[in-house]
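Peer 1: Keeping their order, the protein sequence lines are chains H and U.
Just so we're aligned: 370 in our numbering is position 370 of the first sequence, and the numbers increase by one with no gaps anywhere.
Just so we're aligned: 1204 in our numbering is position 204 of the second sequence, and the numbers increase by one with no gaps anywhere.
Be careful, since some hints might not be right.
Restricting the straight-line Cα-Cα distance to at most 16 Å, the calculated cross-link-like pairs of lysine to aspartate or glutamate (EDC-like) are [what the hints assert, rightly or not]:
#, chain 1, residue 1, chain 2, residue 2
1, U, Lys1083, U, Asp1105
2, H, Lys427, U, Asp1237
3, H, Lys366, H, Asp315
4, U, Lys1142, U, Glu1126
5, H, Lys414, U, Asp1237
6, H, Lys427, H, Asp372
7, H, Lys156, U, Asp1382
8, H, Lys288, H, Asp45
9, H, Lys288, H, Glu17
Estimated spans, in silico, between C-beta atoms of each pair [as the list claims (entries may be wrong)]:
#, chain 1, residue 1, chain 2, residue 2, range
10, H, Thr8, U, Ser1181, 30 to 40 Å
11, U, Asp1447, H, Ala69, 32 to 42 Å
12, H, Ser253, U, Glu1126, 49 to 59 Å
13, H, Val53, U, Pro1259, 34 to 44 Å
Simulated from the structure, these hints should not be mistaken for lab results.
All residues carry an ideal CB built from backbone N, CA and C; glycine is no exception.
Single-letter residue listing:
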Amino acid sequence: MATLPVYTGPFGPDEAERLLWRAGFGPRSGEAEALARKGLQGAVDSLVHPPAVDRLVGKEPVVDGAPLAPKDAFGHDHLWWLDKMVRTSRPLIERMTLVWHDWFATSNITVGNQKLMLQQNDLFRHIGLGSFEGLTMRVTINPAMLLYLNGLNSIKGSPNENYAREMMELFTLGHGSGYTERDVREQARALTGWTADWKNDIGWVKFHFKAENHDDAMKVIFGKPGPFNWKGSVKLCIGHPAHAGYFVNRLWSYFIPVPPDAKSATLLEQLYVRSGNQIRPIVTAILKHPLLYEGPRMVKSPVLYTAGMLRQRGDRIETDDWVYLDAMAGQQLFYPPNVAGWDETRWLDTSTFRARWLIARRALQKHASNPDHTKPADRPPADPVKLVDRALGWWGSLQVSPNTRKAMLDYAQKTMAAAVADEDRQKSFPVMTYNALRHLAAVSPEMQTA
Amino acid sequence: MKSCHCNEFSRVTMMRRGAAEAGRGLPSIEPGMPLPAGTGLDRRTFLSKTLGAALTVYGAAALGPNVLDNAIARAASTSHGNKVVVTVFAPGGWDALSLLYPTGDPQYRRLRPEIALKPEDGPRFESDSRLHWHPALEPLSKLHAQGKLTVFPAIGYSHPDQSHFTSRHYWEVGALDPQLSTGWLGRLLDEIGDPDNAMQGLSLDSSLLPSLATARVPVATLEDPTDYGFDSQNVWDVPGALLPDAMGSLGGLTVATDPFLTQASKTAYESNQLRRQLGRFIGQDGQAHYHTRVKYPDGDFAHKLAGLAALLHAGFPIRAAALQAPGEFDTHSEETGPLQQGLQEVAQGLQAFQADLEQRHLGDRVVTLLWSEFGRRAEQNDTNGTDHGAGGVAFMIGNRVRHKMVGEFPGLSRGKGLDVDGNLKENVDFRSVYRSIAEEWFGVDGDRILPDAKHMPRLPLLA
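All chains, please: the whole structure from these sequences, using the hints.
Peer 2: So this is what it looks like as structure tokens:
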């Protein structure tokens, strides 16, 4: 039997670093070297089989002198999760949580309840590497999702089609993949019956199935007759012949920016079906695939970009600026733009690039010395080459192309040239140049991608 | 209703506050930049002063500033009198039963018992006695009465797709082709645009709106035309002034095997190019200096439109601009209040924009298209909302529109006005409208932009 291709090239710190960007939020200082020592198998194993309980490394977040209030304060949900990404010892678990947040995209714009959003988030965190059928079942009746796609109070006689359509189009099968408008309507009937109690000042509580709201009559879905309910509805989607292909290709796209070759895709589909729709073996196979290491780089999402810088530097969350900055860059957690999630092909344009500039600016804020208050001993060297090397080294020995290096070096040479024969400038320009060079490195194409 | 406006409001407010704080109290990064727009300089003087200053500051830039600035100058100096199209996308799907409610149709109240409006609620629609304007659209009804607004009461395409994403995609790319990756305006710009003028296609959004995606020429995305600087903490004087161009020179990297690395690099270049263009518009204090005699309503949408009108007036070489309407029109439940609010914000903003264009003598140069991806199901659902439908509504606004109505409201009888699924049938294809804009507004053969142009009836829409 044919087997899935596995990467067999050298697995050093560079490869380990790429793996940490794809399966997590980039390396902490020294993390890539440590992971590389495990070899590919050991490295991937440690990611897909992490400890049962997370260990958060570093200081607790603090905003305006107080701990976060993720269930209540606006934006603290974003900060709370961003902090986990920065400090987690189970990066793949957090990364998969982000994958499912995008896959089963639910926005608090509609839900309007951070507590329910965090409940859904924990669901992804706890069963995000288990059975995809189980995950879809739980999502289908998850309170935030019931609110988001109008499953709540969709009743017999007048079913709401919203969830039925998106479950097939976006969650399990893909648009135009072997279902009809009639299937949408029949699925909507099968999904009826979920309700909750409304409490003033609290909102919806006690989400539950109410038999008399459910349409238990016969339906015909994908040509199969039966008195299907919500469980049957999900099972039909997972068992649909188009599902495995959709699942494998979509999951792949979160890790590798070019499609799998036909043979790999077929083998992944077979593995998925044979495993009983398990997620972990597919993720494991993707993380070992040669294309992850040998293929092109991926654009970091805004949250990955932000979390990655803080993780690299071991910096704590101590401002709520990350909420609006990541939103400007196009990714506020718990607020995906629509049910299709974020469009990762649109992360970089002149608007989001400026937001990334501001993100890098904020990350550097407390590290950028004021030249007027810098002691002579703390001043960086005035030599342009040394300044550039130091700036790249500050970001964990960032590897850059000759073009990026030249852009940085040209800049440093110009500012230093402007300081010649000016005593004040000779003191202040190296400090400012070093600040600026770290900023340039942070927005370089090499740091925007991984 | 897939929207909670109180939340939206707080989020947007917070983002604005934060953005304002991020820029506060920082040293000016561009000493010597010229007077901003709207201060009485004519376009040519303005431009030459700008370029003089830019060349002084940026004379040593790595990417060859002369080439860049010449391109901007070329584009700007030929932009006078050029036509401009603005498209506004209302996300979610809206229909004539809500926007031009057919109180004269006997089926209307039966189909929408809980959410139907009464004849006295909204202004009469003068092109069809069965219809009334949604009360929140009163500003549009006024433009209609003045002959400045064309209504398409049943617009769409045959074999309608009821997925938001697919249907929107069709409208954005101007073809019923799921694989097409360039937008219809993008292809138009590929025909008429300049290889170095990113501002020719301006997406006033946090990310590129897909209709502007080009294959050849650059386009720009700008969340707020009045706020686009690149400074750094504790960097000023010469190091501060040289920094943005250094950022731009990160943009010279091309790696054939690494398209995303190349894209990241290219974006740095384009961002700096856009910054240089906007340098004429944003003063040393980081604030935009434009004035308008028109009172715009509050909110992001109106703020963007006001900025766009000022940019056009200042001679920025914009050919196509795209933005999203405020509000969320995917009204699956309890739609009455949120629909009213969304429509009102859209209509008031566009009314002010049109008035502003006219007072700036741009009324004959700009046409605005307001569209949504599809209509709603004619029959309401049980949660006082409506599900996805087929035929929707679009509007075209401008001094040069020829008609008050194109197509007609098809009525609500099944088999006639409604299709087998109970959705309103379309009678104008959106691609006919695009063809008209390409040909009548830009003088470009529709065949060069739209794969199916030859099958689309020619509608003379613009004079």
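Peer 1: Each hint: holds or not?
Peer 2: A quick look at each hint next to the structure:
1. Lys1083/U / Asp1105/U: Outside the cut-off at roughly 40 Å; violated.
2. Lys427/H / Asp1237/U: holds (13 Å)
3. Lys366/H / Asp315/H: Roughly 10 Å between the alpha carbons, so the hint for Lys366/H and Asp315/H holds.
4. Lys1142/U / Glu1126/U: Between Lys1142/U and Glu1126/U the Cα gap is close to 11 Å, so the pair holds against 16 Å.
5. Lys414/H / Asp1237/U: Answer holds: Lys414/H to Asp1237/U is near 12 Å, not above 16 Å.
6. Lys427/H / Asp372/H: holds (9 Å)
7. Lys156/H / Asp1382/U: holds (10 Å)
8. Lys288/H / Asp45/H: holds (10 Å)
9. Lys288/H / Glu17/H: Since the Cα atoms of Lys288/H and Glu17/H sit roughly 14 Å apart, the hinted pair holds (cutoff 16 Å).
10. Thr8/H / Ser1181/U: 30 to 40 Å: Between Thr8/H and Ser1181/U, where Cβ atoms are some 34 Å apart, the hint holds.
11. Asp1447/U / Ala69/H: 32 to 42 Å: violated (59 Å)
12. Ser253/H / Glu1126/U: 49 to 59 Å: This hint holds: roughly 51 Å between Cβ atoms.
13. Val53/H / Pro1259/U: 34 to 44 Å: holds (40 Å)
Hint compliance for this structure: hints 1, 11 are broken, all remaining hints hold.
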